[in-house]
Amino acid sequence: MTKVEALKKDNLFETNEVSSKELFGIKTDIKVPQFVNKNEYCPLVDENYVFDDETTLAILLGLKFNKRVFLQGLHGTGKSSHIEQVCARLNWPCIRINLDSHVSRIDLIGKDSIVLKDNKQVTEFQEGILPWAFQNNVALVFDEYDAGRPDVMFVIQRVLETDGKLTLLDQSKVLSPHPYFRIFATANTVGLGDTSGIYHGTNQINQGQMDRWNIIAKLNYLEQEQEIEIVSKKINSNSEEKKLIKSMVQMANLSRKGFEQKDVSIVMSPRTIIMWAENYKILNDIKKSLSLTFLNKCDESEIDIYKEYFQRAFGLDI
Amino acid sequence: MSNNNLSKLPKQISNTLNSVNKTLSENKNLKININSNIILEKEETLNLPSISSIFNFDDMRGASDSFALKKRHHNEKILNQLLAYNSDIKEELIFLEKMRYELYGANPYIGIKKNIQIKWLKRLKAIELKKQTDTRDLLFFTFTKFFLDLSEGLTWKKNNKYLKKITNKENIQEFHELLIKISSDLSDQKKFSHNSLNILRLLFPKNSEDNEQQDDKNKEEGNDNEEVKEHQNQEESQKTAPEEQEINDDVHTPENDLDNDQSSVQGEEVDVEITDQQVNENYESIESYKNLNQNYKAATSQYDEIIEAQKLCDLEELMALRKQLDEKCDLYQKQITRLANKLYRKLQSKQNRSWSFDLEEGILDTSKLTRIITNSNNSLSYKKEKEIKFEDTTVTLLIDNSGSMRGKPIMIAALTTDMIAATLEKCKIKVEILGFTTKAWKGGKTREHWLNNGKLKNPGRLNDLRHIIYKSADQNSKKSKVNLGLMLKEGLLKENIDGEALLWASSRLAKRPESRKILIVISDGAPVDDSTLSVNNSNYLEKHLKSTILSIEERSNIELLAIGIGHNVGQYYSKAITIHDVEELGGIMFDKIETLFT
Numbered sequence: 001m002t003k004v005e006a007l008k009k010d011n012l013f014e015t016n017e018v019s020s021k022e023l024f025g026i027k028t029d030i031k032v033p034q035f036v037n038k039n040e041y042c043p044l045v046d047e048n049y050v051f052d053d054e055t056t057l058a059i060l061l062g063l064k065f066n067k068r069v070f071l072q073g074l075h076g077t078g079k080s081s082h083i084e085q086v087c088a089r090l091n092w093p094c095i096r097i098n099l100d101s102h103v104s105r106i107d108l109i110g111k112d113s114i115v116l117k118d119n120k121q122v123t124e125f126q127e128g129i130l131p132w133a134f135q136n137n138v139a140l141v142f143d144e145y146d147a148g149r150p151d152v153m154f155v156i157q158r159v160l161e162t163d164g165k166l167t168l169l170d171q172s173k174v175l176s177p178h179p180y181f182r183i184f185a186t187a188n189t190v191g192l193g194d195t196s197g198i199y200h201g202t203n204q205i206n207q208g209q210m211d212r213w214n215i216i217a218k219l220n221y222l223e224q225e226q227e228i229e230i231v232s233k234k235i236n237s238n239s240e241e242k243k244l245i246k247s248m249v250q251m252a253n254l255s256r257k258g259f260e261q262k263d264v265s266i267v268m269s270p271r272t273i274i275m276w277a278e279n280y281k282i283l284n285d286i287k288k289s290l291s292l293t294f295l296n297k298c299d300e301s302e303i304d305i306y307k308e309y310f311q312r313a314f315g316l317d318i
Numbered sequence: 001m002s003n004n005n006l007s008k009l010p011k012q013i014s015n016t017l018n019s020v021n022k023t024l025s026e027n028k029n030l031k032i033n034i035n036s037n038i039i040l041e042k043e044e045t046l047n048l049p050s051i052s053s054i055f056n057f058d059d060m061r062g063a064s065d066s067f068a069l070k071k072r073h074h075n076e077k078i079l080n081q082l083l084a085y086n087s088d089i090k091e092e093l094i095f096l097e098k099m100r101y102e103l104y105g106a107n108p109y110i111g112i113k114k115n116i117q118i119k120w121l122k123r124l125k126a127i128e129l130k131k132q133t134d135t136r137d138l139l140f141f142t143f144t145k146f147f148l149d150l151s152e153g154l155t156w157k158k159n160n161k162y163l164k165k166i167t168n169k170e171n172i173q174e175f176h177e178l179l180i181k182i183s184s185d186l187s188d189q190k191k192f193s194h195n196s197l198n199i200l201r202l203l204f205p206k207n208s209e210d211n212e213q214q215d216d217k218n219k220e221e222g223n224d225n226e227e228v229k230e231h232q233n234q235e236e237s238q239k240t241a242p243e244e245q246e247i248n249d250d251v252h253t254p255e256n257d258l259d260n261d262q263s264s265v266q267g268e269e270v271d272v273e274i275t276d277q278q279v280n281e282n283y284e285s286i287e288s289y290k291n292l293n294q295n296y297k298a299a300t301s302q303y304d305e306i307i308e309a310q311k312l313c314d315l316e317e318l319m320a321l322r323k324q325l326d327e328k329c330d331l332y333q334k335q336i337t338r339l340a341n342k343l344y345r346k347l348q349s350k351q352n353r354s355w356s357f358d359l360e361e362g363i364l365d366t367s368k369l370t371r372i373i374t375n376s377n378n379s380l381s382y383k384k385e386k387e388i389k390f391e392d393t394t395v396t397l398l399i400d401n402s403g404s405m406r407g408k409p410i411m412i413a414a415l416t417t418d419m420i421a422a423t424l425e426k427c428k429i430k431v432e433i434l435g436f437t438t439k440a441w442k443g444g445k446t447r448e449h450w451l452n453n454g455k456l457k458n459p460g461r462l463n464d465l466r467h468i469i470y471k472s473a474d475q476n477s478k479k480s481k482v483n484l485g486l487m488l489k490e491g492l493l494k495e496n497i498d499g500e501a502l503l504w505a506s507s508r509l510a511k512r513p514e515s516r517k518i519l520i521v522i523s524d525g526a527p528v529d530d531s532t533l534s535v536n537n538s539n540y541l542e543k544h545l546k547s548t549i550l551s552i553e554e555r556s557n558i559e560l561l562a563i564g565i566g567h568n569v570g571q572y573y574s575k576a577i578t579i580h581d582v583e584e585l586g587g588i589m590f591d592k593i594e595t596l597f598t
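The listed protein sequences derive, respectively, from chains A and B.
Here the first sequence stands for residues 1 to 318, numbered as in the working numbering.
Here the second sequence stands for residues 1 to 598, numbered as in the working numbering.
I should point out that these hints are in silico values taken from the structure, not numbers from a laboratory.
Check each hint, because a few of them may be wrong.
What the hints assert, rightly or not - Capping the alpha-carbon separation at 27 angstroms, the derived lysine-lysine pairs in BS3-like fashion look like this:
no.: 1; chain 1: B; residue 1: Lys489; chain 2: B; residue 2: Lys445
no.: 2; chain 1: B; residue 1: Lys334; chain 2: A; residue 2: Lys288
no.: 3; chain 1: B; residue 1: Lys11; chain 2: A; residue 2: Lys297
no.: 4; chain 1: A; residue 1: Lys297; chain 2: B; residue 2: Lys28
no.: 5; chain 1: B; residue 1: Lys125; chain 2: B; residue 2: Lys70
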């Protein structure tokens, strides 16, 4: 009896086949496995979450066929939350790791640490997150993948191969991956370094490493209608507020086009709009909430342009 | 309209509006100039009058939005196809098409709609105020009113009073039907123009049937051959587009022509490249230049000076001059701050912060503490953030301080270099700012010296050099900021002897420990010194400049780049840029520096 079969017996990893169309409201209909039981690592379901067709499909392919999925997108477009919400609905445990430049090899692999055993101090090898996740039904998400240190990235390289085994040198152990272990990564760049000048601290990713990702999906800004829907659902807006949200999204879209044309250097991300809408709900003042959420962090010399965008979208002068 | 817009300068407004315009139209090439007396749409440039009592900021927004929407939603070809066979109602057709793209484009955006509506209301008023109105005015009025109502979501009923006014009993039914049709075809220019033609034909019937047949044919087939004609028509048709101010756009005022000339010159930032042939010639002549270099000499160098800026002028005056500089170039400074911030971000994003681990000293690496406990033989491990050595570079900016630079050029050069120094300093790149001129106009003490010593033949350079250090590479740019005010001092700017200045700057640069050395020369003319040239060959200084440049380019590790203001420096330097308007200097310099470092 293999390990999985044994586990299935315990009902722990029992899965149902569910339809992606029904569960996520996307166009493509594929059958995806859903765990019957939740555990503590399953993210919470956000009922109002709106799924983007392509991104969701990429994630589902990754989960179903054990593919490594790399999500690239500008900031605030909901890359990580997409993975989380897909996992949440499939009752799939999901763990996010921020790959900042201080994450080191031993954090990932594990280290010797001191524990008390029978009132005696003994050192014991504590597994890092990687070996643990590797042996469990976990979707491991590396956030800010392009901020990781090159030397650390090579640790991940080994587990990127679908049937690759993980060798723990410190323990002389070879681990096999759990059949439901999955890896995802999110990043602002596609690993070619920052070309836009707005993502300070990102590195180029070794192409040998990039090559190991089976699916590279891009999640940049959404369609206007979709974005309006997301924001309105997020803040439970009434019809009056919905009109304002439309204008907000229009202004954000103007700022994005302006950014492409290099007239402004900060874009309004979907996250900014949600924060703006939330702040509006608190302050009930559209101009003030914009200043507090966004304008105050803009370059002084560009504020005039944002103000004009605001005028175009709202018909009001700021 | 907010008040703060009134106080802004035209350039600033046009920059802002232009940014919005480019965004709305999704066309990067649009330009806005605020300098004409009428609204003039010309291909990708929009000329606007400046703000006045009859043309306020809202009008400006309306005109600029309308232009952007035109670029976004209007197809000139379709219009011209229509016009080719309906030249009698050309203006009316253009007018309706304009209404279409304005309303269609503005509809989704509350603010743009508002701006366009203000524009329309103003037109209605203007027509109402007219003493004599003809059918065309009535038509413009009716349709403006119709579209205005449409933009508010109202469609006219059959008994609408304006509708009654423009039609008679026989065609009111048909007219109304067509109106409904065109209001539903806003997104489709072809359908719209077809129906709008029908509507206009109700009011202005065509004279001969012959034409009509042709007309239909044209509509059905859309022959390719006609495109040639269309292009010819294009410009004309744009000019005759009616404007709310009822100004005839056909007028070619001298001012307009001048503006157009200017803008075309601005577009031609020519990177001058030396052709192969020239290079070969240069190589051949290197030897002769070398000789010439040896021939070049100064009558005496005892009166030359290399001086720091603060020693030429007392601090109080320097501060006053610097203040003057900031005040006069307030607007330019804002523009350049934006460029500087952009450059800073670009450079910053190129820097990778990283740590080195397993060191003998530094910050304790806590993640490895367990090592010592598990095995006390292991030593403590430390980490350190790696110091960012950005490129390890010195940039020298050598500015021509000759008399011809006086006024705007020198101010802009001063501000730009100041800003570049401050920006690069933040990225740990050293910047040196140097200037060169002479102490006197007519040879000064050197010439006296020569006269007193018997007027020897071929005396060489015959003037007292003055080389000014505004900012040395190790000086903090905050401290040197005030020094740049010196450039504004009356009577400082005199002759320019480029060759020796270049030698001086490059020798300073050569002594720097940084491995990469960049020398950027800003100049506005060939080397001139009347005193020297009166007793030597007329190309004496020029030859020396050329040989100096060659020796720097050939034999040193200094990267030499020249920017000529209104003067083709490509004939001397192999890497050269010539600009025609000094205001471009900031953009060019930041651009170049960005490419040098990225």
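>> Please verify whether Lys297 of chain A and Lys28 of chain B have alpha carbons no more than 27 angstroms apart.
In response: Distance ~26 angstroms between Lys297 of chain A and Lys28 of chain B Cα, so the pair holds.
> Within a Cα-Cα threshold of 27 angstroms, do Lys334 of chain B and Lys288 of chain A meet the stated pairing?
Replying inline: holds (25 angstroms)
> Given the hint that Lys489 of chain B pairs with Lys445 of chain B, does the C-alpha gap stay at or below 27 angstroms?
Replying inline: The given pair, whose Cα atoms are some 22 angstroms apart, holds under the 27 angstroms limit.
>> Tell me if the straight-line CA distance from Lys11 of chain B to Lys297 of chain A falls inside 27 angstroms.
In response: With Cα atoms ~25 angstroms apart, Lys11 of chain B and Lys297 of chain A stay inside 27 angstroms; holds.
>> So if I understand the rule, the pair passes when the alpha-carbon distance is 27 angstroms or less; does Lys125 of chain B with Lys70 of chain B pass?
In response: holds (24 angstroms)
In terms of the numbered hints stated before, the structure departs from none.
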